[in-house]
Amino acid sequence: MFVLSINGNDTQVDVPDDMPLLWVLRDVLGLNGTKFGCGMAQCGACTVHLDGRAVRSCVLPVTGAVGKKITTIEGIGATDIGKRVQQAWLGIEVAQCGYCQTGQIMSATALLAEKAQPTDADIDAAMSGNLCRCGTYARIRAAIKQAATGQISLPQTVA
Amino acid sequence: MMLRVDPARDDLGLQNPSRRELLKQGGLVVAFMWLGGASRVWGFADGARLDANHPQFAPNAFIRVGSDGGVQLVMPCIEMGQGAYTGQATLLAEELDVGLDQITVEHAPPNRKLYANPLLGDQATGGSTTIRFCWTTLRDAGAAARAVLVAAAAQRWKVDPSQCSTSRGVVTHAATGRSLRYGELADAAAMLTPPAKVTLKDPSSFQLIGKPLRRVDTPGKVDGSLPFGIDIRVPGMKVATVRACPTFGGTLASVDDTRARAVPGVLKVVKLANAVAVIAEHFWAARKGLEALYVEWHRGPAGDYTTEQLFKDMADASEHGTPILGREAGHVDGAEGKLISATYRLPLLAHATMEPINATVHVRPDGCDIWVGTQVPARCVDVAMKVTGLPAERIQVHNQYMGGGFGRRLFEDSVEQAVAIARQVDYPVKVIWTREEDIAQDRYRPAYYDRISATIDEQGHLQAWTDRTTGASVMAVFAPQAMGKNGLDSDLVECAAELPYAVPNLRVDWVRHEMPKGFPVGWWRGVGPTHNVFVVESFIDELAHAVGKDPVAYRREILGADPRVKGVLELAVEKSGWDKASPGARQGRGIALAAPFGSYLCVVTDVEVSPQGEVRLRRAVAVVDCGMVVNPNTVEAQIQGGLVFGWSAALYSGITLKQGAVEQRNFNDYRVLRLNQTPPIEVYVVPSKEAPGGIGETGTVMAMPSLANAIFAATGVRLRTLPIDASALAQDKQSLQSPVASASAAGAVSPGILA
Amino acid sequence: MKIWRIVGVVVGVVVLAGVLFTAYALITVTHGGNEQAQQPAAAGDPADLPAQMARGEYLARAADCAACHTTPGGRPFAGGVAFKLPFGTIYSSNITPDKETGIGDWSDDDFVRALHAGVDKEGRPLYPAFPYTSYTALSRDDIVAIKAYLFSLPAVHQAPPPNELSFPYNQRWALGLWSAVFLKKERFQPESGKSEAWNRGAYLATALGHCGECHTPRNVAFAMDESRAFAGSELQGWKAYNITSDKEHGIGDWSEQDLVDYFSKGHAAGRGTASGPMSEVVGYSLQYLTPSDLTALVTYLRDVKPQRGGEPVPPAPVAAQVAAAGGLGEQLFVGACAGCHLDSGQGRQTDYAMLVGLRSVRDPRATNLTQIIINGSSLHVGGQEVFMPSFGDAYSDAEIAALSNYVTSHFGGQQGTLSADDVARRR
Ligand code: FES
Ligand code: FES
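Chains as they are written, first to last, in the working numbering: chain B, 1 to 159; chain F, 160 to 914; chain H, 915 to 1341.
No lab work stands behind these hints: they were computed from the structure.
Treat each hint with caution, since some may be false.
Said to hold, decoys possible - The calculated label-pair distances, taken between Cβ atoms and stated as ranges, are:
#, chain 1, residue 1, chain 2, residue 2, range
1, F, Q261, H, E1299, 22 to 30 angstroms
2, B, F2, H, R1341, 37 to 45 angstroms
3, H, E1140, F, K430, 52 to 60 angstroms
4, B, E114, F, R373, 39 to 47 angstroms
5, H, A961, F, P423, 30 to 38 angstroms
6, F, S897, H, H945, 51 to 59 angstroms
7, H, H945, F, E467, 30 to 38 angstroms
8, F, S886, H, G988, 31 to 39 angstroms
9, F, A740, H, R1341, 39 to 47 angstroms
Backbone N, C-alpha and C define an ideal beta-carbon position, used for all residues, glycine too.
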């Protein structure tokens, strides 16, 4: 039996020690916004925050999350930065299929929490672990900048 | 069972189409169009009443207006990221005169009669057809519904309908200042018969079409609330994961599940003819259970097949096989001039959609429910009937949002498997494939072996052209009845039979070479054109080089008559600055020009290649003329995403077989382009009044040749085999021996925000 | 013509000596040494062995039989693990009690002789990849206990693939000559001046655990060079580090806790994480050692004669040295690696992923680092799997070189000097 603090609430779960947090969230608690993509920390779809830091929940055994503050996409909107990031994502229309986007938003939020005005290199470093098969990278970059500066940047380059 | 379209129907804008015009619409489409025969489009008339007793207004299969004023649009084409819901909703809403913010959308249930895409011959989404074939149909549907609502209002007010106007879901009679909301008219409208003929808006008065409107599906994708197929939870549901025989055509020999059943949470081990599944309380236990199994397989007849064998066999077939003619013009044999020829090889490819394959199924004695994100809902019903023996009306497919399709979800193999698993238990089961299973059991884009040649005069002008492609047919599996009379799968020659260049004598044919029995092939983003445009546009570059001409100058000289081709070429030259600044050392710019899926594109890709052969993308300019644009926002996103998808494949993707099994496993060895490798991509749209062309797959088609041509420009190495072998691009042997500290030269453009 | 007579005599003598030696070797090859020797106190199972674990099982673990005789995901002890040697590939045998493909019809004596003399049931010499040069020191009782444990497991009918060796290495009889020279068929002898723990540690390290088989350099004839015991070696592309008590080259600087952590968890903070072949040693063997045996092993190792050898371990980098290298290496790192390791190298979700200060990232030649990148690593410890995927198949030589140079410079403070060619040779 473990007690997990998820999005500000303490939750008890009765799961095996080695069960990755991803499956505790999805299959036990029904928090489905955190996605499964690879199961080996290669795609970032499962990104959540552990004490504010972006981690891959697919390779994080539940024991590693006990006693830490877990934030998932379901709770990120309650933070200032998270909300800004989500709004930028909406404004720029980043999502295509959308499957990777919750993970992208979690990584982006962790980045902005650490670096309020990230450079291109900072964005590269923080976001390149999150794959997007639909290829939304250009808009992800634009959305992070918008969230950082508050300045609306248009996605269109259409002539 | 297939719905067929009458090629003469004018609302498709395809009246008495010539074969050449049809070819422009894409091979998939042509195949079905050519079947001819009586048909109807999109169940437009059939849907007049979804349910006779329903109080709401449902003038056709796509629109429902509730008395509460809610407008619900039913989407015949599914959303897998390409913006299809937004595009379809825009078309309906435009003519219905409601705002996109006033509607809700839902997936169409499986119903071929109502929702079959006539030009795919089935209830299917693919081939970049959505907008092309919704263009008139859904606008008709919207206009008809609007006409009925107006008629209902006019009747109530006893005025002439022509004096009424509509806007944002309200009918207004300006003269008297009266107005009624659609919801208030729903019941009355339901009593009226929709008009047989409607007048569509003139494009100049479009309110929604052509605007960069917000997607209807974004909010739920940003807060995680939108459920994908993999997120389905139904009461009593358990979770399973599965492993199928790693060799294709093999079967399950034996399973020792003693260890697996000891894993806490594991409920049952299920055996199928060629697979074994573990059902558990949650995915983790299922996966651990699966790993704890000792499984033995009968490896089957192709148990020791390899990719080397495949290419050897294809080379052989290309020389000695019997070709099927794709298109012939003039006489290729008598042409005078210099003969240049080349051989190209393209690999097997996997889709690796971000959302792994999954399906949730509940089989009961009296029915079967399936929750799945699929491009072919009606086919899912078919396979469930086959497995369960239940009649179609007892099978419910609840279609879900898809985490990417790219052609993978045009196949129902995994649904059939999930039903077979669920059939063995009495509770609902969600079957999720691991990523490893997803890569090992895909429906692979076939490999191709192409021999191409041109006879050119002194100027390099094309006198004759031959192109022989060799490879497997997907159409033969997906829709055998759509194969041409002479056995041609038109997808194999799409964008090869018709070139944007002037060629007096041409022969394009195909040698059909199937994979070993049981090996699954499938559609892959860009279908035929992804393969053919790479070959054709690489070869055109080879010809330009052979006569010492600039690739753009050369293309200008040999261009055909279509002004739209010239239009995209010239704009791309201008926007990319092709004629201006020349790239630095080991930097290069590559161009590709083609007209796939009824659209016209020209893409210029800039690269830099390190001395050790690593390719760095620097910038891309894409110019597209896709006719009238429904949503520029979507066009831009699709071109950008399509390019990334195609570059990814060209640089890294190739499925290889060893001892009959796929060698790749996950994203560690089936690589995908990442954010820090993606260059800034500029997209320019040529304004057009033409009917819309396809867009979802076009970027992918253009990515590969423009990249290969850029690499040639940077290194002088012509890549005739994909994926790119970086070591072939090394400057010299020395460079491989020097330490590789930082291969990217200073000054490489770091991808920046869009202009 | 006198000279020719002399030559003739010399040749004759050499040939005769060769024949005689060969005859001697072939006659004695099956001899296991003194089989009556008393079991020394250092042998056997430790007093703190948990009751539920059989003595034979414990010893089989301490002897790490599984690492070589169990394929990943395969049935325990069914063999078939491939060993790629410079002269070909050999496959380990099935040691389950299956009568046809395993050792089901081996007697205790057969089994003891295999470990003591390095010959199979028929008396044919075994390849020394099977570490009988170490096992020969085991007590008979211990060997019989291990066999009893193996025979308590289910028989698995599974023949290993045939060995793929080129001439002359496929000539088994020649192995008889080899062992006649290099195999000292002697049982473990406790050293009198040393503590009980020391002696137990010595038995664990040299006989059961056969640490020297990897960590002791080999001579030209591929035999362990005992004068340089534990001074480090390289095999199957991996560096087996110097584990003598030398402070610079070995593990003399490691605290006792570091060593205990490493053995029991496969990870010592700021020192290293067991990977490659060593992850198997921890996963199958060391993590199961009882506390008393852990202490014994540590006691012994800390007393091993310091030897220089291998490359000195450079000091951990100070923060200032951690330069931003940029370029391809960094680009790859933030994409495929930072997901676990974090761009600071601190390890994102687990200590196992911490890179800073590790021995493997401080090696400018990056031997083990490239191996891990190419082949990945998997460590089963404490009921969990700690793993890293392999990147060798989809990443080019230049990419792996760049990545490896980035990691050594960024997290190890070393100037990485790997070229694409170097990586090609290590594949
Ligand atoms: S699912 Fe965790 S990183 Fe891919
Ligand atoms: S939006 Fe589809 S994977 Fe990123």
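Hint-by-hint comparison with the structure:
One distance hint, 22 to 30 angstroms for the beta-carbon pair Q261/F and E1299/H, is violated here, with the actual separation near 52 angstroms. A C-beta distance of roughly 43 angstroms is found between F2/B and R1341/H, which places it inside the suggested range of 37 to 45 angstroms. Between E1140/H and K430/F the CB atoms are about 54 angstroms apart, so this pair conforms to the stated range of 52 to 60 angstroms. Distance hint check for E114/B and R373/F: the Cβ-Cβ separation is about 30 angstroms, which falls outside the suggested range of 39 to 47 angstroms.
Between A961/H and P423/F, the C-beta spacing of about 33 angstroms keeps the proposed range 30 to 38 angstroms intact. Remark: the range hint 51 to 59 angstroms for S897/F to H945/H is upheld by a beta-carbon distance near 55 angstroms. Our hint of 30 to 38 angstroms for H945/H and E467/F is violated, since their Cβ atoms are close to 50 angstroms apart. Distance hint check for S886/F and G988/H: the Cβ-Cβ separation is about 34 angstroms, which falls inside the suggested range of 31 to 39 angstroms.
For A740/F paired with R1341/H, a C-beta distance near 40 angstroms keeps the hint of 39 to 47 angstroms intact.
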